[in-house]
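Going line by line, the protein sequences match chains A and B. Residue numbers are given in this note's numbering: position 7 of the first sequence equals residue 7, and the series is strictly consecutive. Residue numbers are given in this note's numbering: position 114 of the second sequence equals residue 1114, and the series is strictly consecutive.
Hints listed in this document are in silico derivations from the structure and should not be mistaken for laboratory results. Certain hints may be false.
[Claimed, not checked] Simulated crosslink set (SDA-like; lysine to any residue; CA at most 25 Å straight-line): (1) Lys-1147/B / Gly-1110/B; (2) Lys-28/A / Ala-39/A; (3) Lys-28/A / Asn-1107/B; (4) Lys-36/A / Ile-1070/B; (5) Lys-28/A / Arg-1104/B; (6) Lys-28/A / Tyr-1106/B; (7) Lys-36/A / Asn-1167/B; (8) Lys-33/A / Phe-1096/B; (9) Lys-22/A / Tyr-1059/B; (10) Lys-1147/B / Glu-1082/B; (11) Lys-28/A / Leu-1088/B; (12) Lys-22/A / Tyr-1106/B; (13) Lys-36/A / Lys-22/A; (14) Lys-33/A / Lys-1147/B; (15) Lys-1147/B / Leu-1088/B; (16) Lys-36/A / Pro-1028/B; (17) Lys-33/A / Asn-1167/B; (18) Lys-28/A / Lys-1147/B; (19) Lys-1147/B / Leu-1164/B; (20) Lys-1147/B / Gly-1089/B; (21) Lys-28/A / Tyr-1111/B; (22) Lys-1147/B / Asn-1073/B; (23) Lys-1147/B / Phe-1047/B; (24) Lys-28/A / Ser-1067/B; (25) Lys-36/A / Gly-51/A; (26) Lys-28/A / Leu-1164/B; (27) Lys-28/A / Gly-1110/B; (28) Lys-33/A / Val-1036/B; (29) Lys-1147/B / Pro-1157/B; (30) Lys-22/A / Gln-1032/B.
Being a predicted model, the structure only gives us computed values, none of them experimental.
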Amino acid sequence: MSKASPKPQSSSQTPASARKYKPFAGLKRAEIKVLKPGAFDLEEALRQMHGK
Amino acid sequence: VTGKPTAWQYVVTPDVAMYGGLSVDLFPVETQPLAVACANVLGRASFHGSELHVPVVFYSEITWLVSWAIAQNLIEFQEGQEALNQILGTTWEFHFPVAADVLRFYNVLGYPHTRHADYLAVAADLGCSILTADQRLIAFSQTQNLKVDVVAITEHPWAQAGALEDNPPA
């Protein structure tokens, strides 16, 4: 008799009713000094991040 | 006790956090409206008490993207640290998606376009939409049967200028 393998655990498998409600606290823009304005090509960075 | 309506929950992709969390003038003029839209959405998500979900890979992706900006001499190292603290220091809900679910999305997306799989797996599991500024993911959602609702951030009512209390979730 074989037992069914347990499903891998995931925090996102916790039923919504059992999860502790945690609203998003907001993200303040980091007002940092920019060395090269207008030069952050995020699409390109994302492509490079995954090597493609 | 009942769970919150899924309209109050979203999965977000790292581009949303980067566009919304870094100085607008870092980005090319043509993408600055997108950066403003992302900040508007994140601000209203906070005001309206939404939950924003990300897979654990989000943590390393954001770190990598900030390090890339440092390596490209777009920002200094210490500024990057501050940006990282700002972006990662808020209440994202982190999830470990089930590997088999991620693999299923890898299979749908096809190599090498797999960077969205973890996000799709979390959204599928929670039954909520993904908010994204990623044009590739938006395009995939229009051509593939992902069975996950992908919302272009600029199409969300919260992306528009206005007061924080505007457009409460349905």
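Here is how each hint holds up against the structure:
1. Lys-1147/B / Gly-1110/B: holds, 16 Å
2. Lys-28/A / Ala-39/A: holds, 21 Å
3. Lys-28/A / Asn-1107/B: violated, 36 Å
4. Lys-36/A / Ile-1070/B: Holds, at roughly 11 Å.
5. Lys-28/A / Arg-1104/B: Not OK: Lys-28/A and Arg-1104/B at ~35 Å, beyond 25 Å, violated.
6. Lys-28/A / Tyr-1106/B: violated, 33 Å
7. Lys-36/A / Asn-1167/B: violated, 36 Å
8. Lys-33/A / Phe-1096/B: violated, 34 Å
9. Lys-22/A / Tyr-1059/B: holds, 18 Å
10. Lys-1147/B / Glu-1082/B: violated, 37 Å
11. Lys-28/A / Leu-1088/B: Holds. Lys-28/A to Leu-1088/B sits at ~11 Å (cutoff 25 Å).
12. Lys-22/A / Tyr-1106/B: violated, 30 Å
13. Lys-36/A / Lys-22/A: Roughly 37 Å separates the two Cα atoms, so the pair is violated.
14. Lys-33/A / Lys-1147/B: At roughly 41 Å apart (the allowed maximum being 25 Å), Lys-1147/B and Lys-33/A break the hint.
15. Lys-1147/B / Leu-1088/B: Violated. Lys-1147/B to Leu-1088/B sits at ~29 Å, over the 25 Å cutoff.
16. Lys-36/A / Pro-1028/B: holds, 10 Å
17. Lys-33/A / Asn-1167/B: violated, 33 Å
18. Lys-28/A / Lys-1147/B: violated, 32 Å
19. Lys-1147/B / Leu-1164/B: violated, 31 Å
20. Lys-1147/B / Gly-1089/B: violated, 31 Å
21. Lys-28/A / Tyr-1111/B: With Cα atoms ~35 Å apart, Lys-28/A and Tyr-1111/B exceed 25 Å; violated.
22. Lys-1147/B / Asn-1073/B: violated, 40 Å
23. Lys-1147/B / Phe-1047/B: Violated, because 29 Å separates the two Cα atoms, which is more than 25 Å.
24. Lys-28/A / Ser-1067/B: Given pair Lys-28/A, Ser-1067/B holds - Cα atoms ~19 Å apart, limit 25 Å.
25. Lys-36/A / Gly-51/A: Judged against 25 Å, a Cα distance of about 24 Å means the pair holds.
26. Lys-28/A / Leu-1164/B: holds, 14 Å
27. Lys-28/A / Gly-1110/B: violated, 35 Å
28. Lys-33/A / Val-1036/B: holds, 18 Å
29. Lys-1147/B / Pro-1157/B: holds, 22 Å
30. Lys-22/A / Gln-1032/B: Status violated; Cα separation ~30 Å.
The structure does not agree with the numbered hints 3, 5, 6, 7, 8, 10, 12, 13, 14, 15, 17, 18, 19, 20, 21, 22, 23, 27, 30 stated previously, though it agrees with the rest.
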